[in-house]
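Number of protein chains: 2
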Amino acid sequence: MIPVELIKKKREGEVLTPDELQKFVNGYVNGEIPDYQMAAWLMAVYFQGMSDTEMKEFTRVMIHSGTVIDLSFIPGVKVDKHSTGGVGDKVSVILAPLVAACGIPVPMISGRGLGHTGGTLDKLESIPGFRTDLDIDSYKKTIEKIGVVMIGQTKDIAPADKKMYALRDVTATVECIPLIAGSIMSKKLAEGIDALVLDVKTGSGAFMRKKSEAIELAKTLINVGESFGKRTIGFITDMNQPLGNAVGNWLEIEECIRCMKGNEIQDLMEVTYRLAGAMIYLGGKSGSIEEGESVAREAIESGAAFEKFLQLVNEQGGDVSYIENPTRYKKAEYNKEVVLGKEGFVSEIDNYGIGIAGLITGAGRRKIDDSIDYTAGIIIHKKIGDRVGKEDPIATVYANEKKNVEDAVLRITEAYRLSDDAVEPRQYIYGMADKNGYYDY
Amino acid sequence: MIPVELIKKKREGEVLTPDELQKFVNGYVNGEIPDYQMAAWLMAVYFQGMSDTEMKEFTRVMIHSGTVIDLSFIPGVKVDKHSTGGVGDKVSVILAPLVAACGIPVPMISGRGLGHTGGTLDKLESIPGFRTDLDIDSYKKTIEKIGVVMIGQTKDIAPADKKMYALRDVTATVECIPLIAGSIMSKKLAEGIDALVLDVKTGSGAFMRKKSEAIELAKTLINVGESFGKRTIGFITDMNQPLGNAVGNWLEIEECIRCMKGNEIQDLMEVTYRLAGAMIYLGGKSGSIEEGESVAREAIESGAAFEKFLQLVNEQGGDVSYIENPTRYKKAEYNKEVVLGKEGFVSEIDNYGIGIAGLITGAGRRKIDDSIDYTAGIIIHKKIGDRVGKEDPIATVYANEKKNVEDAVLRITEAYRLSDDAVEPRQYIYGMADKNGYYDY
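The listed protein sequences derive, respectively, from chains A and B.
Note that my numbering has the first sequence beginning at 1, numbered continuously upward.
Note that my numbering has the second sequence beginning at 1001, numbered continuously upward.
Derived from the structure by calculation, the hints contain no laboratory data.
Some clues are possibly wrong.
The calculated SDA-like cross-link candidates involving lysine to any residue, where the alpha carbons are at most 25 Å apart (straight line), are [stated by the list, open to error]:
no., chain 1, residue 1, chain 2, residue 2
1, A, LYS9, B, LYS1163
2, A, LYS8, B, LYS1383
3, B, LYS1383, B, LEU1114
4, B, LYS1162, A, ILE33
5, B, LYS1008, B, VAL1174
Chain B stretches covered by chain A per the calculated footprint, using a threshold of three residues with CB under 8 Å from any CB of chain A [what the hints assert, rightly or not]:
no., stretch
6, 1030–1040
7, 1043–1052
8, 1170–1180
Restraint-style ranges between C-beta atoms, simulated for each label pair [unchecked claim]:
no., chain 1, residue 1, chain 2, residue 2, range
9, A, GLU175, B, ASN1335, 56 to 62 Å
10, B, ASN1335, A, GLU5, 30 to 36 Å
11, A, GLU414, B, VAL1077, 58 to 64 Å
12, B, SER1347, A, GLU32, 40 to 46 Å
13, A, MET1, B, ASN1400, 29 to 35 Å
14, B, PRO1393, A, MET1, 35 to 41 Å
15, B, VAL1015, A, GLU5, 28 to 34 Å
16, A, MET1, B, GLU1424, 41 to 47 Å
17, A, ILE2, B, LYS1330, 32 to 38 Å
18, B, PRO1393, A, GLU5, 33 to 39 Å
19, A, ILE2, B, VAL1077, 26 to 32 Å
Glycine included, each C-beta is placed from N, C-alpha and C at the ideal position.
Same shape as in the complex, but just chain A (with noise of 0.2 Å):
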């Protein structure tokens, strides 16, 4: 194989084949292919595409790339679920322990904060003691024993992934459906699931900012899924706001308590039971997802959910104590509420501005090596369709540092927008896709 050969042949539209793609993506991860040349094949990938057969071997590969883990010897059908990614997006704290209260082992491994959004991992570190670079080994013990595990990627699952999104990250090469699609799935074919639902968001705090985009995406990660034998399911949700009210680790972990108590917040628990449902459904504990969303509602009544979460933090090295009583919880130094001094109905948020202002408050990274500041964060108060007096606080804004205050209330006060005419409330799931197309709510 001569590199250059194949990113000519990538360059001018041509389909790699599979011994191709394994000795160009193998050669990238044994340092054999510098840098330089993935960089030029994956910009050559944005512009001309895969085929389906080749993003398949594509993914194939980098899922070989790496430890399989198999998860055969844990009875039932293993669901886990992936989120695109968006700006107040808890619901896998909620989710995970709420489908394995229900009898679904969940294996989960999650990311950390990429860009304006927040990170599972993340979250989960802001609880203190909590524990998620578990090895292979604890991993497989902690499913076996309480049915959900929830960590980070760790060295050994698709390495190729791993190296290459680093170098995506930096050459602008990160929107392209063909290497998101092997990206996640690779990650998620590597954990050792039997089933995956889907999580793809849409509009100004996603990465996919257009809904024909999102769909594109999971009808691709649906069509890679099936194709290795795992049913999957996807939704189409909204990112046009934070979902939830909380932006910020353990603000967010605080609002998750609140709803697996039975608190409700209705955009983040509907998606929540939608996604639920449907992993229960594949897991075979329901006949439809409508179903599954009952059985899902019940486990939060009946306080099976929490009890789920509780056992988790404590089998990861949490101190459950935090969870029992939030207000445990040391608070920011400062806050402030954000203020508009007008008044009308909100018609826009631009979701985007308000997870840069989440990074502002020490919620998020700017840089790749940056800490996070586990108490800083964003409460909103008004979201899309929601009527502001001209006093009325829309945000309030927490943070350790007061400069970092102002600049996030800044930003918060732009993404805003008021109209005078009463605005509808935004679609929280725009619809589903499965392996026989898309179909709109």
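Position chain B against the provided structure of chain A, taking the given hints into account.
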């Protein structure tokens, strides 16, 4: 400047500002921007191109990445020639002393063999003692003293191009007109010339296989040259068979000596005289290109051109006794005639294959640090349109390793196509381009 934002900008087909281009290219030269980001950007340029202004600014940045030589202390219009390269393209070796003999200063910076093509520097260095690595000071003194100098790109001239060219070669981003234009013109515009003649080759042995691409490249190069105030004329010439008969370094020098002594080889000298005519015209020593051609023919016939070549060789450390008496030069240990064993008229030559056969004999490099065998190469006996008898040799291969002889013979055999019907010889020069457009002959 955030490098990934500039990559994204180009990926989206936007135009980079002069400031952005400067920061990106200079950042690459000084090591702030790594190879992988430049590689991704180059591939984005491959797909999205550059605007006219952008390409000129890009060239300007490349020029000013190093020393811009000032030759204004030398009287007269300094004219150089650039060829896009081919098989057996030895024109510069004759042209530079020839035009200098007509009173026009010729400061020439040439390259080495690239891919299947030969390079002027390698050919000159086959002359024992000839040095092409003069520093800028010696370069200036030589042109001042004898009116001609032929060197290689020094580390001071357009270092951005030097570094980017090496990267393009291994990332499949060579074949891209704005990048080619920036590369060629930055070197030429940094060497202190006032005017430039271009030989843009097209055909099976050229980088631009299609005539339409060659015309587009010629127009682009002229556009850039003229925008920097340098009068630029280009010719589109044929590269569907070797130019002249010799392929290989010393073999080509020998052929040049014969031509300079008046033993004309038709295709080689037709191209040489046309380019010389244009250089003499741009140098102000004739009223037209045609008149310039006549001036050039006289300089060959009078022996002035050969005299100037002897002077050049001597000045740059070469042993003139080999030029005066080429039979003194060592011969390759092995030689073999290529006989097809069938008869007909030569209808087609895969000139890329001839170039590769040249590499195989040892006349070129397969890897970047291979050494060159100056005595190796090919003498072509039959060209397109020639009649070949069953026992006629179509070429003779020269090499110092027996296996290479056989491999080269095979490759040459495969490159020839014969026809039963008579075939017209090829046109040598297709047309001419200047700032007003392209004219087909």
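Hint check results:
no., hint, verdict
1, A:LYS9 <-> B:LYS1163, "24 Å, holds"
2, A:LYS8 <-> B:LYS1383, "32 Å, violated"
3, B:LYS1383 <-> B:LEU1114, "24 Å, holds"
4, B:LYS1162 <-> A:ILE33, "22 Å, holds"
5, B:LYS1008 <-> B:VAL1174, "20 Å, holds"
6, 1030–1040, "holds (count 7)"
7, 1043–1052, "holds (count 4)"
8, 1170–1180, "holds (count 4)"
9, A:GLU175 <-> B:ASN1335: 56 to 62 Å, "59 Å, holds"
10, B:ASN1335 <-> A:GLU5: 30 to 36 Å, "33 Å, holds"
11, A:GLU414 <-> B:VAL1077: 58 to 64 Å, "60 Å, holds"
12, B:SER1347 <-> A:GLU32: 40 to 46 Å, "44 Å, holds"
13, A:MET1 <-> B:ASN1400: 29 to 35 Å, "31 Å, holds"
14, B:PRO1393 <-> A:MET1: 35 to 41 Å, "38 Å, holds"
15, B:VAL1015 <-> A:GLU5: 28 to 34 Å, "31 Å, holds"
16, A:MET1 <-> B:GLU1424: 41 to 47 Å, "43 Å, holds"
17, A:ILE2 <-> B:LYS1330: 32 to 38 Å, "34 Å, holds"
18, B:PRO1393 <-> A:GLU5: 33 to 39 Å, "34 Å, holds"
19, A:ILE2 <-> B:VAL1077: 26 to 32 Å, "45 Å, violated"
Of the numbered hints given earlier, the model fails hints 2, 19; all others are met.
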